[in-house]
Amino acid sequence: MNQAVGYIAVSTVVLATAFIGFYGLRISRTTSDFFVASRTVRPWWNASAIGGEYLSAASFLGIAGLILLSGQDALWFPIGYTAGYLMLLLFVAAPLRRSGAYTVPDFVGARVESASARRVTSLLVIVVGCLYIVPQLHGAALTVSISTGLPAWVGAVAVAAVVCLVVVTGGMRSITFVQAFQFWLKLTAIAVPVVFLLIVVAREGMTGAELGAQLGDGLLGGTEPASAYRTVSLLVALLFGTLGLPHVLVRFYTNPDGASARRTTLIVLGLLAVFYVFPTVLGFLGRAFMPELAAGGQADAVVLLLPGVIAPGLLGELLTALLIAGGFAAFLSTTSGLVVSLAGVISQELFGGSVRGFRWAAVLASLVPLTVALLSGSSAIAGAVGLVFAFTASTICPALLLGIWWRGLTAPGAIAGMLTGAALCGGAMMLGPALAPLLAGAVPFVGELLAQPAAWTVPLAFGVTIAVSLATASGRPLGVSRVLARLHTPERHRHLPGA
Amino acid sequence: MSAVPGSHVSGSPVPDGPVPGSAPATDQRPQRVRVTAPGSRAAPGTGPAGIRGDPAAGSGADAPSQVAEVYVRSLIRSQLRLALVVAFGFLVSLAAFALVLRLTPELEAERWFGVPVAWLLLAFGVYPMIGLSAWLYVWAAGRNEARYTALAEEGP
Numbered sequence: 002m003n004q005a006v007g008y009i010a011v012s013t014v015v016l017a018t019a020f021i022g023f024y025g026l027r028i029s030r031t032t033s034d035f036f037v038a039s040r041t042v043r044p045w046w047n048a049s050a051i052g053g054e055y056l057s058a059a060s061f062l063g064i065a066g067l068i069l070l071s072g073q074d075a076l077w078f079p080i081g082y083t084a085g086y087l088m089l090l091l092f093v094a095a096p097l098r099r100s101g102a103y104t105v106p107d108f109v110g111a112r113v114e115s116a117s118a119r120r121v122t123s124l125l126v127i128v129v130g131c132l133y134i135v136p137q138l139h140g141a142a143l144t145v146s147i148s149t150g151l152p153a154w155v156g157a158v159a160v161a162a163v164v165c166l167v168v169v170t171g172g173m174r175s176i177t178f179v180q181a182f183q184f185w186l187k188l189t190a191i192a193v194p195v196v197f198l199l200i201v202v203a204r205e206g207m208t209g210a211e212l213g214a215q216l217g218d219g220l221l222g223g224t225e226p227a228s229a230y231r232t233v234s235l236l237v238a239l240l241f242g243t244l245g246l247p248h249v250l251v252r253f254y255t256n257p258d259g260a261s262a263r264r265t266t267l268i269v270l271g272l273l274a275v276f277y278v279f280p281t282v283l284g285f286l287g288r289a290f291m292p293e294l295a296a297g298g299q300a301d302a303v304v305l306l307l308p309g310v311i312a313p314g315l316l317g318e319l320l321t322a323l324l325i326a327g328g329f330a331a332f333l334s335t336t337s338g339l340v341v342s343l344a345g346v347i348s349q350e351l352f353g354g355s356v357r358g359f360r361w362a363a364v365l366a367s368l369v370p371l372t373v374a375l376l377s378g379s380s381a382i383a384g385a386v387g388l389v390f391a392f393t394a395s396t397i398c399p400a401l402l403l404g405i406w407w408r409g410l411t412a413p414g415a416i417a418g419m420l421t422g423a424a425l426c427g428g429a430m431m432l433g434p435a436l437a438p439l440l441a442g443a444v445p446f447v448g449e450l451l452a453q454p455a456a457w458t459v460p461l462a463f464g465v466t467i468a469v470s471l472a473t474a475s476g477r478p479l480g481v482s483r484v485l486a487r488l489h490t491p492e493r494h495r496h497l498p499g500a
Numbered sequence: 366m367s368a369v370p371g372s373h374v375s376g377s378p379v380p381d382g383p384v385p386g387s388a389p390a391t392d393q394r395p396q397r398v399r400v401t402a403p404g405s406r407a408a409p410g411t412g413p414a415g416i417r418g419d420p421a422a423g424s425g426a427d428a429p430s431q432v433a434e435v436y437v438r439s440l441i442r443s444q445l446r447l448a449l450v451v452a453f454g455f456l457v458s459l460a461a462f463a464l465v466l467r468l469t470p471e472l473e474a475e476r477w478f479g480v481p482v483a484w485l486l487l488a489f490g491v492y493p494m495i496g497l498s499a500w501l502y503v504w505a506a507g508r509n510e511a512r513y514t515a516l517a518e519e520g521p
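Protein sequences appear in the order of chains X and C.
Taking our numbering, the leading residue of the first sequence gets 2, the next gets one more, and so forth.
Taking our numbering, the leading residue of the second sequence gets 366, the next gets one more, and so forth.
If you're looking for bench data, these hints aren't it; they were derived computationally from the structure.
Ideal placement from N, C-alpha and C gives every residue a C-beta, glycine not left out.
Certain hints may be false.
Covered stretches of chain X (in silico footprint by chain C; criterion: 3 or more residues with CB under 8 Å from a CB of chain C, positions within the stretch not fixed) [to be verified]:
{"id": "1", "stretch": "89 to 103"}
{"id": "2", "stretch": "305 to 318"}
{"id": "3", "stretch": "449 to 459"}
Per label pair, the in silico range of CB-to-CB distance [unchecked claim]:
{"id": "4", "chain 1": "X", "residue 1": "A229", "chain 2": "C", "residue 2": "E475", "range": "21 to 29 Å"}
{"id": "5", "chain 1": "C", "residue 1": "E518", "chain 2": "X", "residue 2": "W407", "range": "23 to 31 Å"}
{"id": "6", "chain 1": "C", "residue 1": "E518", "chain 2": "X", "residue 2": "Y230", "range": "47 to 55 Å"}
{"id": "7", "chain 1": "C", "residue 1": "F462", "chain 2": "X", "residue 2": "V196", "range": "22 to 30 Å"}
{"id": "8", "chain 1": "C", "residue 1": "R467", "chain 2": "X", "residue 2": "G428", "range": "29 to 37 Å"}
{"id": "9", "chain 1": "X", "residue 1": "A162", "chain 2": "C", "residue 2": "E471", "range": "50 to 58 Å"}
{"id": "10", "chain 1": "X", "residue 1": "V275", "chain 2": "C", "residue 2": "G454", "range": "43 to 51 Å"}
{"id": "11", "chain 1": "X", "residue 1": "L316", "chain 2": "C", "residue 2": "E475", "range": "28 to 36 Å"}
{"id": "12", "chain 1": "C", "residue 1": "L486", "chain 2": "X", "residue 2": "T189", "range": "24 to 32 Å"}
{"id": "13", "chain 1": "C", "residue 1": "E471", "chain 2": "X", "residue 2": "I200", "range": "27 to 35 Å"}
{"id": "14", "chain 1": "C", "residue 1": "E518", "chain 2": "X", "residue 2": "R43", "range": "42 to 50 Å"}
{"id": "15", "chain 1": "X", "residue 1": "R43", "chain 2": "C", "residue 2": "V450", "range": "29 to 37 Å"}
With the C-beta cut set under 7 Å, the calculated list includes, among others, these residues of chain C facing chain X [what the hints assert, rightly or not]:
{"id": "16", "residue": "V437"}
{"id": "17", "residue": "S439"}
{"id": "18", "residue": "I441"}
{"id": "19", "residue": "L445"}
{"id": "20", "residue": "A448"}
{"id": "21", "residue": "V482"}
{"id": "22", "residue": "V491"}
{"id": "23", "residue": "S498"}
{"id": "24", "residue": "V503"}
{"id": "25", "residue": "W504"}
{"id": "26", "residue": "A505"}
In isolation and in its complexed conformation, chain X is listed as follows (with noise of 0.2 Å):
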């Protein structure tokens, strides 16, 4: 691969994003425009970010490489993806925005009424941010090493480095255009090549029976099915995963109202699904003309490799490079949205909420994800990622699905939850491999429970927290009836005089 080529493409996607990042500096100036853009986003905008922040490295180079690994499961993580903000839409959307929080931590302690219950979801948030930076910073690694050849942690250090930049000096309103620039680079910077790709394909002479049997012979190589209960407990994490991602929770605050916040997700739902038909495709053609890779270990990197392959020369290259730059988009632009979450979090936590907080929280979002990815070896981008939505879905969804549908939540269900399911979903992801074999006698199916726990921490942790709130009924919030109220009622009647 031409090293020149992506260079070019790394720092022309790095620049542009500091560029808007700075431009934006001279419209965020107060702490609200820090936290949350003031609230005045609209839905196309906000739709767009949210887009852009959620396509991470999972979606862009994950999915494709997923498929040439594992073959048809692997299409259910797109669909898992896109409906968790169906979920979203349904039970927290509108709710959430009504609620005038700023981050999740906030909406619990408000809700419940207590500060222990909003340290612990602070805290939570914390590592589920912290998890999810990380598989990003793998990707830039990979990335960087396939692209120009340097050594893989340079990648990581430079997207930890400009978002940490960004985020410091622009805040979210900074982000929020950034963002919505970002959505709109992936989507182009992959589906150019796909449409290319397909075109050369077509008129190699590939056409029809030949095509066919190409395609097909990678198609059916070598994958088993996996078993019913993997695919259903992955899109449990993956469909209430969405619900309690803090950078994902935190776009809803800009929304103009509860309304407004509903007609978001539907774009937002939209702008998924024709996302989505991209890396499919390029998984395909992954699995027919590189099936090779699968067994090397860099499944990965399909997506960035394919174009050189089906068309070697000019062309190859500026797909190549075009890949390239939507791909360090999706790094730059998920993991800033976690580090303003973060930041958010930690800032009001540690150091009182005033903008130098927020500046330094974000310096400390950005290190410590940085060490760990540094320290800790590179797996599948989008199993990672699928791990984070099941602790998510684990810890973080009880607590906010009860507290805006259920008057019955207590600050000691909410906690005990919320502890329930790290412990259950953390142990089973950090003490699974070593406990699976010594269990593998005693439990039936042990190794597939500990793999993809999802299907019983989710329906536990909910358990836990639900059956600790009714024993503890005397403690419900006295505020509940006006919190729900707020939560629920149409913004547009509350103004009105005499209701």
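The hints should help you fit chain C onto chain X, whose structure is shown.
The following block gives chain C in isolation, referenced to the frame of chain X:
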């Protein structure tokens, strides 16, 4: 669009120190409620007046709180029912879709452009279902809220 003045959301931080009464459930004082929306007075519920912010707006002390509370509860119930119905409908159709794909080997054998039809259906066929569910929900949720607004306005 009702832009929200920033002043309504206090930028002030949460008290950092330990808050008395936060640990045991019995002594829950409403020490801090950040869930605030501008001019919120829709919920003249049972909560103590002036939990936070505008007591001047008379947050419900003089309003017919019982009736308003009933309206709000019924709105919440209908929104929850709607969300559950749409979610359940979507999940059931998704399960049926997956089942049909698994139980129909012809779809695996049949190829379009070399790709098994089952793969194509799974890759691109679910999004219309998601979009339809979402659109239906947004429409119906808006209708629920309009009904609530009408009731609350003409109400007592």
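Can you give the numbers of the hints that this structure goes against, from lowest to highest?
2, 3, 10, 14, 17, 21, 25 and 26
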